[in-house]
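Chain by chain, the residues run as shown.
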Amino acid sequence: MLRLLAHSAVFGTALLMLVPFAWMALTSLKSDTEALSGSGLLPADYRWENYTAAWTSAGLHRYYINSILVAVFTTLLGVSYNALAGYAFAKLRFRGRRVLLGTTLATMLMPPSVYFVLAYVLCARLGLVDNLPALIVPFIASGFGILYMRQAIRAVPDDAIEAGRLDGMNEADIFWHVVRPAIAPPLAALAVITFMNSWNSFFWPLVMIDRDRFRTLPLALADLASGQYVQSWPVRMAAAMILTAPPVIVFITFQRAFLRGFALPHT
Amino acid sequence: MPRHSSTAYAFLSVPLLVLWIFTLMPTLGGVLLAFMSWSGSGGPIFIGVDNFLALASDSRFRPAFINTLVFAAITIPVSNGFAFLLAAAVNAPWFRAGAVARLLLFLPAITSLVAIGFAWRWVLDPSGGIVSLALRTVGLPAPAFLEGGTLVRIGSVDLLNWPLLTLAAVQIWRTVGLGVLLYAAAMRGINTSMMEAAESDGASRWRILLTITRPAVRPTTLFLLFTGLVGSLQAFDLAWALAGGTDSAAIDVLNWFTYRQFQQNRLGYAAASGVVVLLLSALAAGIHWTIAGERET
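Residue numbers (our numbering), protein chains in the order written: chain A, 1 to 267; chain B, 1 to 297.
Because the hints were derived from the structure by calculation, they are not lab data.
A quick note: this is a predicted structure, and the numbers were derived from the prediction, not measured.
Virtual Cβ for every residue (Gly too), placed ideally from N, Cα, C.
There may be inaccurate statements among the hints.
Unchecked claim - Pair by pair, the computed Cβ-Cβ distance ranges are: (1) Val49(B) x Ala160(A): 54 to 60 angstroms; (2) Ser127(B) x Ala124(A): 58 to 64 angstroms; (3) Trp48(A) x Ala198(B): 54 to 60 angstroms; (4) Ser57(A) x Gly149(B): 42 to 48 angstroms; (5) Ile45(B) x Ala160(A): 56 to 62 angstroms.
Unchecked claim - A few chain B residues that don't get close to chain A, going by computed Cβ distances all over 10 angstroms: (6) Gly29; (7) Arg62; (8) Ile74; (9) Ala115; (10) Trp120; (11) Ala198; (12) Asp201; (13) Asp237.
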């Protein structure tokens, strides 16, 4: 009885998680009138042309390239720099370690609402406004990423690192040949998290990007949502599907490594 | 450990520089800017606490402030409590397809808030939404989820209205999966001998859950509480998407209020509103460390 109850509670909730996605997918294949009539669940006939409409007439193909470039570069650079900093904090002894670690921790508490105004002013001085690097450079390091990598690298045995040093490896070699293979799951988890954060990021691009050619998908979708350009709900939902798909694909592909790496450092 | 100062500084240089330039310095500067009046051009003018006094009497700041706190107060306990129960079920040895369940529950957490807000707006749409369709089928009227009025009011203060409740519900929907994931991982680490002993003493499952499991996963609870608080203080995307980009007092949050001041070039005023968020985050951190610290001693 309890088992039945537990299973139905869990899978009932899981089903609830899928409702908006399912409704989004079903609507994206309906005709305008059918979607608004709210008459049934399944589309009368499947209109794949809604996706072509979203892709071309709403111009998503242009923003797609921007989103991919930003997310891929942020992920590659972000994972590398956070891991290097994490290694320094976990395994190297140097002057000022406590203070630097403390400030890194403190940045995690600083909310964008207090810093985005002056960050914008600073970025404008550095030429990091209204272009793609403006969406990449500020995110190649994060307090969370550094501390997460530090936590993961602390679990690598000191003996392995010492052995490398005795073999005459320098710290960069040790990082690449000893540490990196030992922290593959947390690295994968950080990569997935960084990719998703970058891909889904909305507030920062909203502040930083003005010119249409540098807009990313969330900005484009927000415009569709305000209803000025595209009136058709099915085309809007097709656009939302296009925005939603990549993180889901990335997550499902890397879920094993992600879940293994992710569950580790919080307790 | 021998010293490796030069290597360490080389490894840390880029990431720490990025953190300082784009987070630390603008935060410290933002705190100073909160005491100034600045439109972005020309020099800022020191005006003392005028920005904060203006915030206190701003008719749009108050709903944004209250909404943000109410949003946190609803979403965090409900999401975490729910996640705890679901994780306990998923983790039970007799539970089938737990991995699939965890995956499905986590799905909302990885998708864009803009897309999610948009999808929910359509799900709740009075004419084409599946919720109103379902309610119509069973003969019930659908409430105006995103346009409805006040639900709870104390004196002249609107504590809860339909759009805010919808926002909170969608946030719970989105965050519960992360809680399940972390709780399930923490529960797997619990030593089972105490549970077995309690079970053979005839303790009920419910009792074991409350008296053994709950305290054992307390670090996870605190972590979720803290990240939940900091996260809800920064809420923006979801409110924006659910409201279709049109701000109203009903669904306003602190971050959105701050953003509007920035858009209108009232940079000092925006910074002051940001400082309020910073103070609330610091308060959350202080409480977190007091509680978490107590446990270790």
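Structure-based check of each hint:
1. In this structure the supplied range 54 to 60 angstroms holds for Val49(B) paired with Ala160(A), their Cβ-Cβ distance being about 56 angstroms.
2. With their beta carbons about 44 angstroms apart, Ser127(B) and Ala124(A) fall outside the hinted range of 58 to 64 angstroms.
3. One distance hint, 54 to 60 angstroms for the beta-carbon pair Trp48(A) and Ala198(B), holds here, with the actual separation near 57 angstroms.
4. As the Cβ distance of Ser57(A) to Gly149(B) is approximately 37 angstroms, the hint placing it in 42 to 48 angstroms is violated.
5. For Ile45(B) and Ala160(A), the hinted distance range of 56 to 62 angstroms is satisfied, since their beta carbons lie about 58 angstroms from each other.
6. Some Cβ of chain A comes within 10 angstroms of the Cβ of Gly29(B); the nearest lies about 4 angstroms off, and the non-interface call is violated.
7. For Arg62(B), the requirement that its beta carbon stay farther than 10 angstroms from each beta carbon of chain A is met, with the minimum near 17 angstroms.
8. No beta-carbon of chain A comes within 10 angstroms of the beta-carbon of Ile74(B); the shortest separation is about 18 angstroms.
9. Chain A draws Ala115(B) into its interface by the beta-carbon criterion, the shortest separation being 4 angstroms against a cut-off of 10 angstroms.
10. For Trp120(B), the condition that its CB be more than 10 angstroms from all CB atoms of chain A is violated, with the nearest at approximately 6 angstroms.
11. With 10 angstroms as the threshold on Cβ separation, the claim that Ala198(B) sits away from chain A holds: the shortest Cβ distance comes to roughly 16 angstroms.
12. No Cβ of chain A comes within 10 angstroms of the Cβ of Asp201(B); the nearest lies about 19 angstroms off, and the non-interface call holds.
13. Taking the minimum C-beta to C-beta distance to chain A, about 5 angstroms, the non-interface status of Asp237(B) is violated against the 10 angstroms cut.
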